[in-house]
Every structure is written in C-alpha cells, then in structure tokens.
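Line order of the protein sequences matches chains A and B. Just so you know, numbering that gives the first Met the number 0 puts 19 at position 20 of the first sequence, and the rest follows in order with no gaps. Just so you know, numbering that gives the first Met the number 0 puts 56 at position 57 of the second sequence, and the rest follows in order with no gaps.
Calculated directly from the structure, the hints in this document are not laboratory data. Computed from a prediction, not measured in an experiment: that's the story for all the values here. Heads up, a few of these hints could be off.
[Stated by the list, open to error] DSS-like cross-link-like pairs, simulated, lysine-lysine; straight-line CA separation at most 30 Å: (1) B:Lys26 x A:Lys92; (2) A:Lys28 x B:Lys26; (3) A:Lys52 x B:Lys8; (4) A:Lys123 x A:Lys85; (5) B:Lys47 x A:Lys85; (6) A:Lys52 x B:Lys26; (7) A:Lys147 x A:Lys168; (8) B:Lys7 x A:Lys85; (9) B:Lys49 x B:Lys8; (10) A:Lys85 x A:Lys112; (11) A:Lys52 x B:Lys49; (12) A:Lys85 x B:Lys49; (13) B:Lys8 x A:Lys33; (14) A:Lys85 x B:Lys8; (15) B:Lys49 x A:Lys92; (16) A:Lys231 x A:Lys69; (17) A:Lys52 x B:Lys7; (18) A:Lys6 x B:Lys8; (19) B:Lys47 x A:Lys92; (20) A:Lys92 x B:Lys14; (21) B:Lys26 x B:Lys8; (22) B:Lys47 x A:Lys33; (23) B:Lys26 x A:Lys85; (24) B:Lys7 x B:Lys47; (25) A:Lys33 x A:Lys69; (26) A:Lys52 x A:Lys6; (27) A:Lys52 x B:Lys47; (28) B:Lys26 x A:Lys69; (29) A:Lys69 x A:Lys28.
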Amino acid sequence: MLFNEMKKHDPLVIANKTFSSRLFTGTGKFNDQKTMIDALSASQSELVTMALKRIDMETKEDNILAPLIKNGLNLLPNTSGARNAKEAIFAAKLAREALQTNWIKLEIHPDPKYLLPDPIETLKAAETLAADGFVILPYVHADPVLCKHLESAGCAAVMPLGAPIGTNKGIRTTDFLEIIIEQANVPVVVDAGIGSPSHAALAMEMGADAVLVNTAMAVAGDPVAMSEAFAKAVQAGRQAYLAGLGGQSNNAMSTSPLTAFLEADSIKGGK
Amino acid sequence: MQVFVNEKKIEVDDKSNIEQLLLRLGKPLQGCAIAVNQEVINRSAWRKYKLVEGDEISLFQAIAGG
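Whole structure, please, built from the sequences with the hints as guidance.
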C-alpha cells in the first residue's frame, strides 16, 4: 500500500488529539523567527515544544507565540530548567496559564552537563500532575521499567531518549527502546539525540509512534531543507515499519537463483 | 503602593489587579504566566486578583525551546 493510502488508516492519537504527522519538533536554537516558522512548516509537524522563562524586565522580547498559533500548531510546553518534582509542577502550572493548554512535556534534569532526566523526580511529578488533569509526556531515559511506571501513573505517552539532548549522536539506546515499544500501551515518542534523518527513520522502523527533533533541524546548514528531509525520513520509517521488515540472518541468502552455468562442465556443453 | 516583579520594585496604583499590572508594564497578555508569592494565578482570575503592598510577583513568558 502506498504511503498516502496507508496514512489514512494509521492516525497517531495521544490523549484527545489525532496527529497525521509523526514528527514533533522544537522551537529552540533557530537563528531567527522566519527560519523557524519556515522549517516547522517544511517539517509538516503538528506539535511543537516551547519553553518558559522569567521575563527580563529590561528588555523587550519577541513574541514567538503568535505565528505558531496562526499556523495552527499544537503547543507542547516543557518544564526545562526544573531540577526536581516541585519545580517541574510549578513550571507546568505556569505553562498551562501561559499557553492555555494542559499538555506538558515533563523534563527534569538536575545536571547541566549531560541533561539526563531524573527518573525519581519525574515519576513523582507525573503522579501529581496526572491528578491535576495534565496530559503528560515525560522525557526519560530509555528505561522500560520506568516507562511502565509512568504509564501506570497516567502519562499520555512516554518520551525515551536516543542519546543526550542536543548531541546529535543518534539512537544509542536501541535494545531498550525495542523493549519499551514492545511493552507500551501508550505512544512512544523517541526524543533527544536524533541528529539526522536516518536516525529518525531508524526509530520509526523500530516501531516508535513518533519522534521529536529540534537541534538537528535548527543547527543544519539549511534548516528548512533539513526539516523537509526529516519529514520524509519519518514517513519512510513509518511506512517500512507498517510494511513489515524482512528478517535478518547470519548466513548469506542469495537474491538470484544459483545456476551452474559457470561450472566447467556446463561451459563444455555438459554431459 | 510598591510590589516586586521579578525582584524589581514597581510602583502601582492601590488595589491594582494583575491585568492592570501587566498593562502598566507593557507586557503582552498572550503567552504570559504569573505567580504571586509563589502561587500560580489562573488567567481567569487575573482581573479580580487584587495585589497588596509588598507582593512578590513572578512573571514568565513562553519562549523558544526544545
């Protein structure tokens, strides 16, 4: 079945929203607002992340919200900067008021060097936020046990990492992502570390429900072109997953019939 | 009366509400969030929430991020 036909029967549903694109994007690190808007448009993404920060009273800051809303994008505020559950819950409540959405990308990373998510604080925050009606997408290490706990806590999806944030190193957690995908009853969105379209395609071929890409698009030589390349890779990866990949084997398996015409007897005309 | 907005001392009219404060500061209402003394205030309550002398107000804004 060709992609456009396949897509009709393959919506991605998270909480109460249906997405036709399985590529989620971030809004960070773009050189300017126009490039960001053009790149997001080229990516065909329908869900974009945003952050929140204390307003600097001395400077006037760009309002990047208006063009995102105008383009009909769904917003996924994050709790970036939170170092523990208490700060993340505070950030989530602020984000709900700022962006008028109860969706939250829950991320708690106390260590600024590797920005690895704190599993204990993340689970604590998820339990509290779920009780408060948030649609929670937690950013976590590729830990299958933690992902099941977060699912039980009421998270709408899980977002395990491929590699540390912004490293562009690709899918370094393959074996654990496979277990998470196999066990999950909520969508699995591979987040962080995806540095090239082939990394995104790999995650999708493995059966991830979506991927979240930001840095690799924003810092590319041509962010708009790269965003379109990611859109194609995600589609190709999803289509390959649905089509059913062939199995692997250690021994070679010929793709042509093994005829005997090169053998000496056949050259002489045989018996 | 005086209140503190992100640690900066600001003079506002007595009994100002949050919406009036934001307009006084020239900050856009869209994309903003407010906490007064560490308590997040629902947007729907901004008009009726009266500030009092010495309130510590934290003002946040949505920005680009991944």
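Q: Go through the numbered hints given earlier and state which of them the structure violates, listing their numbers in rising order.
A: Checked against the structure, the hints that fail are numbers 13, 18, 22 and 26, while the rest are satisfied.
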